[in-house]
Amino acid sequence: MVINAGEYVHIIHRQLFQSDAQRHFVGTVEAIEGNLIRVKGYLFAMDSSHSQFVRREQLRTRIVALSDAVIVNVLPSHVKIDHITYTHRPNGDIHITDGTDWRFDITHL
Numbered sequence: 002m003v004i005n006a007g008e009y010v011h012i013i014h015r016q017l018f019q020s021d022a023q024r025h026f027v028g029t030v031e032a033i034e035g036n037l038i039r040v041k042g043y044l045f046a047m048d049s050s051h052s053q054f055v056r057r058e059q060l061r062t063r064i065v066a067l068s069d070a071v072i073v074n075v076l077p078s079h080v081k082i083d084h085i086t087y088t089h090r091p092n093g094d095i096h097i098t099d100g101t102d103w104r105f106d107i108t109h110l
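The opening residue of the sequence shown carries number 2 in my numbering; numbering runs sequentially from there.
Honestly, the hints are just simulated from the structure, not real lab data.
Here the structure is a predicted model, which is why all the values come from computation and not from measurement.
There may be inaccurate statements among the hints.
[What the hints assert, rightly or not] Computed spacing ranges between beta-carbons, pair by pair:
(1) E58 to H96: 20 to 26 Å
(2) Q53 to S78: 26 to 32 Å
(3) G35 to H96: 29 to 35 Å
(4) T88 to D21: 21 to 27 Å
(5) Y87 to E34: 29 to 35 Å
(6) G7 to P91: 32 to 38 Å
(7) E34 to D102: 32 to 38 Å
(8) L17 to K81: 31 to 37 Å
(9) Y87 to T62: 20 to 26 Å
(10) A32 to D94: 32 to 38 Å
Note that the Cβ used here is the ideal one computed from N, Cα and C, for glycine as well.
Produce the complete structure using the sequences and hints provided.
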């Protein structure tokens, strides 16, 4: 399998329509079966009034189908996923960070 249990992932749910909610999920892969992964982590949703991604505080477990409806980024093992935040740069770029020197540019994903 390309993804292994215990790995950290950042999942972008593709928008099929302009009005679709912009949702991302960051978590730990707990299990894999076929093209399904069970992930425990946090939902980040676009707050349209501030045009920024906001983390929902509730820890969630999701079953995600690995398909063309999602983009899955495998994060480094040293990333502190409980501390992930989004940074919106003045030039429009969007980075995720865990408060350390690590950053991941998701602007064009």
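Index of numbered hints that the structure contradicts, given in increasing order: none
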